[in-house]
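*Asks:* Sequence:
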Amino acid sequence: MFGPAWLVMMADMDASSTIGAAETGVVLKYSLIWFLLLLVIPLYFIQEASGRIGLVTGKGLGELVRENYSRRTAVLMAFPMALTDVLTYAVEYAGAAVGFAVFGVPPLISVPIVFLAHVFLVVGNKYSQAERALLALSPLLFLSFGLVLWQRGLKPHPILVVSSSPSFLFLLAANVGAVIMPFMLFFQASATAIKWSTRKEGVGTGEAMKRVRVETFVGAIATEILMVFVEMSTAGLDPSTDFLSPRSLYTALASASPLAPSLFSVGLISAAFLALVVISLGSAWGVVEALGVERERAYMIYMVESVPAALVISLVPTS
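Take 1 as the starting number for the sequence shown in full-length UniProt numbering and just add one per residue.
Any given hint could turn out to be false.
When the alpha-carbon atoms are kept at most 20 Å apart in a straight line, the in silico EDC-like pairs for lysine to aspartate or glutamate are as follows [unchecked claim]:
1. Lys-59 / Glu-296
2. Lys-59 / Glu-48
3. Lys-210 / Glu-48
4. Lys-59 / Glu-207
5. Lys-155 / Asp-238
6. Lys-59 / Glu-294
7. Lys-126 / Glu-296
8. Lys-126 / Glu-294
Computed spacing ranges between beta-carbons, pair by pair [as the list claims (entries may be wrong)]:
9. Leu-76 / Val-307: 23 to 29 Å
10. Ile-109 / Leu-83: 27 to 33 Å
11. Pro-158 / Arg-247: 27 to 33 Å
12. Val-316 / Val-203: 43 to 49 Å
13. Ala-136 / Val-203: 19 to 25 Å
14. Ala-173 / Arg-213: 26 to 32 Å
15. Leu-116 / Ala-174: 28 to 34 Å
16. Ile-109 / Glu-67: 44 to 50 Å
Bear in mind the hints are in silico, worked out from the structure with no lab data behind them. Cβ coordinates follow ideal geometry from the N, Cα and C atoms, glycine included.
Modelling step: build the complete structure from the supplied sequences, incorporating the hints.
*Replies:* Here you go:
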């Protein structure tokens, strides 16, 4: 049963969360580490419920709402998520574009590459194939961000800090807002249902539920540890650093070591791509389930959402 819970937690560490954690480190240094670790609790309980629903019912959230309430209610729940995910796609493509730009690859080339890789993985492949590819990609996040932190080293910044300053409260709210996103609920329920329906091992529901809980809890800890890695890696950097500017990002991280900008960029690209796939699956599954359409047609929803975002970001110059 391993896969859905871990991947949705890794997707929680998307390009937006990575840049948010980096900005938190620059402004507040280690001040929010304690709070990031506390976020493991709500993240676990909410996503565990989503995984349990998918396992016990064998259905996704969109399908369950449609069957138990109405198609209209399901559509009203799923379509706003799909619309906002268009903006989320744009953020992920932008994050990947920034990462590639550090290596000298312009958005006009990098974004189409990411888009085509995404299409290849999502369209025409079974979920199990996409899952295996993303599971293989996920260690890159720990390796890249972990190495950046190792190269910067630990700094004597205070950890247990609480403040009423506007910057502290703003970043506190930003980190809370990045914890649970709608696509995560749809993805974990649907992916768990698919995984359970195609299982080959002779595992009972009770044992499978235990595994889902453990995986969800470990994943919740892992994604917040990644946030801590990034926050600690950027602590004490130039406060004027713009992490959406490849030049600014490179200049700031190069003070740690010549490899730090490249390592951070690899992590940013990996986080953005993994999140792109998970978001597209969760969003598209939610819509087709709400409409009562076969899940195999979900790729149509993905194309409608992703193409405009990719086109816009590919034409935006980076500096």
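*Asks:* Now look at each hint and say whether the structure bears it out.
*Replies:* Going through the hints against the structure:
Note on Lys-59 and Glu-296: the hinted pairing holds, with a Cα-Cα distance of about 15 Å set against a maximum of 20 Å. Restraint check: the Cα-Cα separation between Lys-59 and Glu-48 comes to about 15 Å, which is no more than 20 Å; the hinted pair holds. With a C-alpha separation of about 10 Å, the suggested pair Lys-210 and Glu-48 falls inside the 20 Å cut-off, and the hint holds. Taken as a hint, the Lys-59 and Glu-207 pair is honoured in the structure, with Cα atoms around 19 Å apart against an allowance of 20 Å.
For the given pair, Lys-155 sits about 15 Å from Asp-238 by alpha-carbon distance, which is consistent with the 20 Å threshold. Distance check on the hinted pair: Lys-59 and Glu-294 sit about 13 Å apart at the alpha-carbon level, within 20 Å; holds. Using a Cα cut-off of 20 Å, the hinted pair Lys-126 and Glu-296 holds, with the two alpha carbons roughly 9 Å apart. About 14 Å separates the Cα atoms of Lys-126 and Glu-294, which keeps this hinted pair within 20 Å; it holds.
Separated by about 25 Å at the C-beta atoms, Leu-76 and Val-307 satisfy the suggested range of 23 to 29 Å. Separated by about 29 Å at the C-beta atoms, Ile-109 and Leu-83 satisfy the suggested range of 27 to 33 Å. Between Pro-158 and Arg-247 the beta carbons are some 31 Å apart, a value that agrees with the proposed interval 27 to 33 Å. Against the hinted window of 43 to 49 Å, the Cβ-Cβ separation of Val-316 and Val-203 comes to about 47 Å, which satisfies the hint.
The supplied range of 19 to 25 Å is met by Ala-136 and Val-203, whose beta-carbon atoms lie about 23 Å from each other. Hint check: Ala-173 to Arg-213, Cβ distance near 29 Å, so the stated range 26 to 32 Å holds. For Leu-116 and Ala-174, the hinted distance range of 28 to 34 Å is satisfied, since their beta carbons lie about 32 Å from each other. The given range of 44 to 50 Å is respected by Ile-109 and Glu-67, whose C-beta atoms sit roughly 45 Å from each other.
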